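Both chains come to you apart, so use the hints to assemble them.
Here the protein sequences come in this chain order: U and D. So for the first sequence, our numbering puts the first residue at 71; every next one is plus one. So for the second sequence, our numbering puts the first residue at -17; every next one is plus one.
Since the hints were derived computationally from the structure, they do not count as laboratory data. Quick caveat: nothing in here was measured; it's all calculated off a predicted structure. All C-beta atoms, glycine included, are put in the ideal place defined by N, C-alpha and C. One or more of the hints may lead you astray.
[Claimed, not checked] Each pair of labels, with its calculated beta carbon distance range:
(1) D:P(-4) with U:K73: 33 to 39 Å
(2) U:R114 with D:N(-6): 24 to 30 Å
(3) U:D96 with D:N(-6): 25 to 31 Å
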Amino acid sequence: DVKVTQSSRYLVKRTGEKVFLECVQDMDHENMFWYRQDPGLGLRLIYFSYDVKMKEKGDIPEGYSVSREKKERFSLILESASTNQTSMYLCASSSATGRGDYGYTFGSGTRLTVV
Amino acid sequence: RKEVEQDPGPFNVPEGATVAFNCTYSNSASQSFFWYRQDCRKEPKLLMSVYSSGNEDGRFTAQLNRASQYISLLIRDSKLSDSATYLCAVMNSGGYQKVTFGTGTKLQVIP
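So here's chain D without its partners, still in its complex pose (with noise of 0.2 Å):
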């Protein structure tokens, strides 16, 4: 089994939607969890952290499930210019804030 896992999609969904992705992890000491996103050709970019409590920022809501191992993010409204890939990371215990990453989601908005 994969230590982070992703659906790669695509998921083609249209403008004004609300669309959600999960990522499920293996490891159950994992200790930071985080949201990035990665347009064509570009470096990753953080989109958000993830908290156990859940946060949102604007139209990404971003949630962590600890018991069924998954964190989650809902996109809200989709822009066109939200189209993208989603990738998740988890930082596992054991220092250096290592992080694993998932292959990541392509998301497509369309007009």
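So that you can see chain U by itself, here it is in the shape it has in the complex (with noise of 0.2 Å):
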């Protein structure tokens, strides 16, 4: 089975940090997503990439930037962290050639608090 990775279960960072959020996926997989989850607003994409030094704005890239130097790394990173960034960060991967048909594997997320 695919394994997600995400580096952080929980973390409380203080506005105006610098925030990295990791995540690690061990199947070789092309694609990779960050999301954000909010009660009442679901999974919203934040930006993903399909290859290495790929990157893709999702729906709400705003206040964030990723970074994809290896294949099975995607790191996202809030420039300037602020409290409206609380929230459940969720990471997934997924195959490009149909491999498990599409579906994504998620990380067990990070959950980040900002004060």
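Shown next, in the form of structure tokens:
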């Protein structure tokens, strides 16, 4: 089974801090995604990447950036954390070639609180 | 109109009951469809893909109606362990397997 690992389960950061969320997958998946999940709003796509060094904006990219230097690792960066970025952050990966039927595998999530 | 819409519920059903959820989508060019299950404070997990011909996995049946642009999930003989939030997901054309999720339907199976 593919495993997607997020580096932290819980994080508390101060307003204005630069925050790094790391995600690693071990199944050689081409596609990786960052979502945030908020009550009543569901999962919203922040950024995704379909290859090393490639990135595309999702629906809510403002205040975030990403990095994909290696195929297995996709990092989400909050340039200057704000309280409205308090949320559950979920990383996911999927195969571009149809293995696993294109379904996503999610990491266990990082619950970020910005104070 | 939201791209993917679900009734948030909650659906409170007794053990052993049959329950069905629908999910509507707005983009007629959507290619692939999925149901995910999410337990409280956990990540979503893929429950099943939804094929044009419909598909079944044990007590779970998923169907796609392209003409009316909705997918459905039927759970037969509900178990307490089925209590969770069920998210539908739609993949549109345009590459990269980008998926839009519904906000989920909460199911509570009661003894």
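Taking the hints in turn, this is what the structure says about them:
no.: 1; hint: D:P(-4) with U:K73: 33 to 39 Å; verdict: holds (36 Å)
no.: 2; hint: U:R114 with D:N(-6): 24 to 30 Å; verdict: holds (28 Å)
no.: 3; hint: U:D96 with D:N(-6): 25 to 31 Å; verdict: violated (39 Å)
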